[in-house]
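Chains as they are written, first to last, in this note's numbering: chain A, 1 to 113; chain B, 114 to 226.
Beta-carbon label-pair distances, calculated as ranges:
| hint | chain 1 | residue 1 | chain 2 | residue 2 | range |
| --- | --- | --- | --- | --- | --- |
| 1 | B | PHE189 | A | SER83 | 36 to 46 Å |
| 2 | A | LEU113 | B | SER141 | 36 to 46 Å |
| 3 | A | PRO106 | B | THR223 | 16 to 26 Å |
| 4 | A | THR13 | B | TYR152 | 25 to 35 Å |
Away from chain A, derived, C-beta distances all over 10 Å, residues of chain B:
| hint | residue |
| --- | --- |
| 5 | LYS128 |
| 6 | PRO131 |
| 7 | LYS135 |
| 8 | ASN137 |
| 9 | GLY142 |
| 10 | LYS170 |
| 11 | THR173 |
| 12 | GLY179 |
| 13 | HIS184 |
| 14 | PRO188 |
| 15 | THR223 |
Don't read these hints as lab results, they were simulated from the structure. Cβ atoms here follow ideal geometry from the backbone N, Cα and C, with glycine treated the same way.
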Amino acid sequence: DAGITQSPRHKVTETGTPVTLRCHQTENHRYMYWYRQDPGHGLRLIHYSYGVKDTDKGEVSDGYSVSRSKTEDFLLTLESATSSQTSVYFCAIMSGSSYNEQFFGPGTRLTVL
Amino acid sequence: AQRVTQPEKLLSVFKGAPVELKCNYSYSGSPELFWYVQYSRQRLQLLLRHISRESIKGFTADLNKGETSFHLKKPFAQEEDSAMYYCALSGNRSGGSNYKLTFGKGTLLTVNP
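The shape of chain B in the complex, shown without the other chains (with noise of 0.2 Å):
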């Protein structure tokens, strides 16, 4: 069974400090990570996955498999950064169909000025 679990419902920072949301899996084999943000009432968008090693907006995430977890940082928050951050998992295709991805419960984040 794949869990994703999101450690911190809310998180509140100021503007310009550092930002970490915390995310933790458990899949047997090899997973791809994603993290998704929701603006106030908005769609889900992606952000970033973690097999690109892409930094969108600021934000970058490392999979650690050893510790089995896909954090997300920013070292320096803007206001414009409040929002829901998702992450998720799938499974990888080659082994075997996995298509679907399994969902932490979001932290909601917030930037004071």
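The following block holds chain A by itself, in its conformation from the complex (with noise of 0.2 Å):
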């Protein structure tokens, strides 16, 4: 699994409130990624982070934010949860080698009602 976890693995929130999701790598791994999973969409990036404190937007970063203090974490935050939002979230990291291969984390199952 790529030394990846993510928490919480499942969250269910009101609309407005907001939501940090932790996607946590024990490998020391520069390249982390937030995707979000929808039925129909298939698994669109959100944000990415190419090292501590460095980070770019993916296709969907409207309603996100991220933040990357330490090489380990990355986290995904919803400032103001929205339905539109209620989704599966995956986090990765890019491995290692010469390829660009990703490993994805659990996921994380949200719920905005």
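Since each chain sits alone in its own frame, please combine them into the complex, following the hints.
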């Protein structure tokens, strides 16, 4: 599992509340990613990080912010959750091999009521 | 811009039948292509990468640059192959740091007994 964990694994919250999801890795990988997975859309990149304090937007970044103050942790924050953000969120890391393959965390199922 | 198209949302076959999951891509340079598999409510797992030309769990995929395709094939499907399959593309690192994966929308394979 490439040493990737996510917390919480499940969360139910109400519209308008802030939510923070955590991705933790144990293998000192430089690149980390947040995706959301929705039926009919596959996986879509929200934000990614290429080092401590270095982050950039993906294709569906509106309504989300990220932070990376330590190599091992990449946080995804929904400042004010909306029902359209109900989804399964996956964190990923890029392996240190010569390939651009990514390895994924177990996912967080978020429901916004 | 890079794009991955998986034309079939759903694919249903019988056990023992051949299976082919289609993937077409659009990319101006030399891509790296991957297939990922996701079993029910689990994390995505890397199934294979084109550059290794490997066979995993009986699956193979050949990169056809002329047709810009990377179809996934297995000669005899098994019930345990039932899962969601994603094709993904990344640009070549040496071509100027492309460290992101673009995913297709996925094909749900069901293998019936």
